[in-house]
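> Knowing the structure of chain C, use the given hints to seat chain H on it.
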Amino acid sequence: MSHSGWSWTFERVIPSKAGAHRPVVEEILDRLEQEQWPAHDIFSVRMALEEALCNAIKHGNRLDHRKKVAIVCKMATSRLWIKVTDEGCGFCPERVPDPCDPANLERPSGRGIMLMRCYMTRVEYNEAGNVVEMEKERAGSVEPV
Amino acid sequence: MAGHRRVQVSEGGDVTVVRFVDRKILDESNIQELGQELFQLIEEDHRKNLLLNFSSVEFLSSAALGKLITLDKKVKAHRGKLKLSNIRPEIYEVFAITKLNKLFDIKDDEADALAVF
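Read top to bottom, the protein sequences are chains C and H. Okay, so the first sequence: first residue is 368 according to the numbering used here, each after it adds one. Okay, so the second sequence: first residue is 12 according to the numbering used here, each after it adds one.
Bound conformation, chain C alone:
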């Protein structure tokens, strides 16, 4: 994250319980709406947050109530940065089978990371695979050089 001029910072720690992320998602999306981000950007961020936080709670921390998920979110005029950290063992995103491969098309799982990558401008995992950073550039914005 190399950006200055953040106008809003948001940090929460939530339990690894199904649905515990919902107020976090709504609070971030409410902020985007207040700042009049385009509807498609808000849809995109909802998708990425939903998938990243569900993955952290369910697959990362395996719904273990002793483990937490930490969310940090920063917003600037035309950029949103989100970091999600779980306390799980991590994983290797490159080893998740390509859900668009015809051989995998009928697999009921494995689409979350792909959707995150499609809907966000940038998605990066740390080496362990328990931290994901995502950025979204506001549609139509031109970043200052």
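One thing to keep in mind: the hints can contain errors.
Unchecked claim - Facing chain H, according to a computed beta carbon distance under 7 Å, are these residues of chain C, among others:
#	residue
1	Glu-417
2	Glu-418
3	Cys-467
As the list claims (entries may be wrong) - Computed list of lysine to aspartate or glutamate pairs in EDC-like fashion (alpha-carbon distance at most 20 Å, straight line):
#	chain 1	residue 1	chain 2	residue 2
4	H	Lys-92	C	Glu-473
5	H	Lys-92	H	Glu-39
6	H	Lys-110	C	Glu-473
7	C	Lys-384	H	Asp-38
8	C	Lys-435	C	Glu-504
9	H	Lys-35	H	Glu-101
10	C	Lys-435	C	Glu-378
11	H	Lys-78	H	Asp-56
12	H	Lys-59	H	Glu-101
13	C	Lys-384	H	Asp-56
14	H	Lys-85	H	Glu-55
15	H	Lys-35	H	Asp-25
16	H	Lys-35	C	Asp-397
17	C	Lys-435	H	Glu-39
18	H	Lys-78	H	Glu-44
19	H	Lys-110	C	Asp-465
20	H	Lys-84	C	Glu-500
21	C	Lys-425	H	Glu-44
22	H	Lys-84	H	Asp-116
23	H	Lys-118	H	Glu-39
24	H	Lys-85	C	Glu-473
25	C	Lys-425	C	Asp-468
26	H	Lys-35	C	Glu-400
27	H	Lys-113	C	Asp-465
28	H	Lys-84	C	Asp-468
29	H	Lys-92	H	Asp-38
30	H	Lys-113	H	Asp-83
31	C	Lys-434	H	Glu-39
32	H	Lys-78	C	Glu-400
33	H	Lys-87	C	Glu-473
Said to hold, decoys possible - Label pairs and their in silico Cβ distance ranges:
#	chain 1	residue 1	chain 2	residue 2	range
34	H	Ala-122	C	Ala-437	46 to 52 Å
35	H	Glu-44	C	Tyr-492	29 to 35 Å
36	H	Ala-107	C	Phe-458	24 to 30 Å
Think of the hints as simulated: they come from the structure by calculation, not from any bench. Predicted, not measured: the structure shown is a model, and the values here were computed from it. All C-beta atoms in this analysis are idealised placements derived from N, C-alpha and C, irrespective of residue type, glycine included.
This is chain H only, laid out in the frame that chain C set:
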């Protein structure tokens, strides 16, 4: 037939039309319940042909897509047909990104879908 909480079901000839109660299909427990209600239509109520009308759906997560894929398998296993209709553009984009628009038979509206069962 048990009552439904996540879907509304109506009959159109030999096709069962399903509409979704939730505008946003993302809550884990609701998705589980949705899956059970859809699977029940095939496995317990022995309905063969399903049309899922998405007109009320504003958002769905990958977990919901997973249930639809499992439903598609169950419908095929029972030699039935599954079609989807009334999908708004932003939701269709999710199907297109995941290439599931190639797996599912998606029609513009209910009349188009009912005409080709």
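> Next, verify each hint and record whether it holds.
The hints, checked one at a time:
1. Taken as an interface hint, Glu-417 (chain C) checks out: its beta carbon lies about 5 Å from the nearest beta carbon of chain H, inside 7 Å.
2. Because the closest C-beta pair between Glu-418 (chain C) and chain H is about 6 Å apart, less than 7 Å, the hint holds.
3. For Cys-467 (chain C), the interface hint holds, the least distance from its beta-carbon to any beta-carbon of chain H being 4 Å, beneath 7 Å.
4. Note on Lys-92 (chain H) and Glu-473 (chain C): the hinted pairing holds, with a Cα-Cα distance of about 16 Å set against a maximum of 20 Å.
5. Proximity of Lys-92 (chain H) to Glu-39 (chain H) is assessed by CA-CA distance (about 27 Å); at most 20 Å being required, the pair is judged violated.
6. A hinted pair counts as satisfied when its Cα atoms are at most 20 Å apart, and Lys-110 (chain H) with Glu-473 (chain C) qualifies at roughly 10 Å.
7. Distance check on the hinted pair: Lys-384 (chain C) and Asp-38 (chain H) sit about 12 Å apart at the alpha-carbon level, within 20 Å; holds.
8. Of the pairs offered as hints, the one joining Lys-435 (chain C) and Glu-504 (chain C) is violated, with about 28 Å between alpha carbons and a cut-off of 20 Å exceeded.
9. Between Lys-35 (chain H) and Glu-101 (chain H) the alpha-carbon distance is near 13 Å, which keeps this suggested pair within the 20 Å criterion.
10. Distance check on the hinted pair: Lys-435 (chain C) and Glu-378 (chain C) sit about 13 Å apart at the alpha-carbon level, within 20 Å; holds.
11. With a C-alpha separation of about 18 Å, the suggested pairing of Lys-78 (chain H) with Asp-56 (chain H) holds against the 20 Å cut-off.
12. Taken as a hint, the Lys-59 (chain H) and Glu-101 (chain H) pair is broken in the structure, with Cα atoms around 29 Å apart against an allowance of 20 Å.
13. For the hint pairing Lys-384 (chain C) with Asp-56 (chain H), the CA-to-CA distance comes to about 33 Å; that exceeds 20 Å, so the pair is violated.
14. Restraint check for Lys-85 (chain H) and Glu-55 (chain H): satisfied, since their Cα atoms lie roughly 12 Å apart, inside the 20 Å limit.
15. In summary, the hint linking Lys-35 (chain H) to Asp-25 (chain H) is not supported, as the alpha carbons are separated by about 29 Å, beyond the 20 Å threshold.
16. The straight-line distance between the Cα atoms of Lys-35 (chain H) and Asp-397 (chain C) is roughly 16 Å, inside the 20 Å bound, and the hint therefore holds.
17. For the suggested pair Lys-435 (chain C) and Glu-39 (chain H), the alpha carbons sit about 18 Å apart, so the restraint of at most 20 Å is met.
18. About 10 Å separates the Cα atoms of Lys-78 (chain H) and Glu-44 (chain H), which keeps this hinted pair within 20 Å; it holds.
19. A distance of roughly 11 Å separates the Cα atoms of Lys-110 (chain H) and Asp-465 (chain C); the hinted pair therefore holds under the 20 Å criterion.
20. Our distance criterion of 20 Å between C-alpha atoms is broken by Lys-84 (chain H) and Glu-500 (chain C), whose separation comes to about 35 Å.
21. As the CA atoms of Lys-425 (chain C) and Glu-44 (chain H) are separated by approximately 18 Å, the hinted pair is consistent with the 20 Å bound.
22. In summary, the hint linking Lys-84 (chain H) to Asp-116 (chain H) is supported, as the alpha carbons are separated by about 13 Å, within the 20 Å threshold.
23. For the hint linking Lys-118 (chain H) to Glu-39 (chain H), the alpha-carbon distance of about 27 Å lies beyond 20 Å, and the restraint is violated.
24. Our distance criterion of 20 Å between C-alpha atoms is met by Lys-85 (chain H) and Glu-473 (chain C), whose separation comes to about 12 Å.
25. Between the alpha carbons of Lys-425 (chain C) and Asp-468 (chain C) the distance comes to roughly 25 Å, so the proposed pair goes past 20 Å and is violated.
26. This hinted pair checks out: Lys-35 (chain H) and Glu-400 (chain C) have alpha carbons roughly 17 Å apart, not beyond 20 Å.
27. Pair hint Lys-113 (chain H) plus Asp-465 (chain C) holds up; C-alpha atoms about 15 Å apart against a cutoff of 20 Å.
28. Pair hint Lys-84 (chain H) plus Asp-468 (chain C) holds up; C-alpha atoms about 17 Å apart against a cutoff of 20 Å.
29. Among the hinted pairs, Lys-92 (chain H) with Asp-38 (chain H) is inconsistent with the structure: their alpha-carbon atoms are about 27 Å apart, more than 20 Å.
30. Among the hinted pairs, Lys-113 (chain H) with Asp-83 (chain H) is consistent with the structure: their alpha-carbon atoms are about 12 Å apart, no more than 20 Å.
31. For a cut-off of 20 Å, the pair hint linking Lys-434 (chain C) to Glu-39 (chain H) stands: about 19 Å separates their Cα positions.
32. As the CA atoms of Lys-78 (chain H) and Glu-400 (chain C) are separated by approximately 30 Å, the hinted pair breaks the 20 Å bound.
33. Taking the CA atoms of Lys-87 (chain H) and Glu-473 (chain C), the gap is about 12 Å. The hint holds against a cut of 20 Å.
34. Distance hint for Ala-122 (chain H) and Ala-437 (chain C): a CB-CB separation of about 49 Å, consistent with the stated range 46 to 52 Å.
35. Evaluation of the 29 to 35 Å hint for Glu-44 (chain H) and Tyr-492 (chain C) yields a pass: the beta carbon distance comes to about 32 Å.
36. In this structure the hint that Ala-107 (chain H) and Phe-458 (chain C) lie 24 to 30 Å apart at CB holds, the actual value being about 27 Å.
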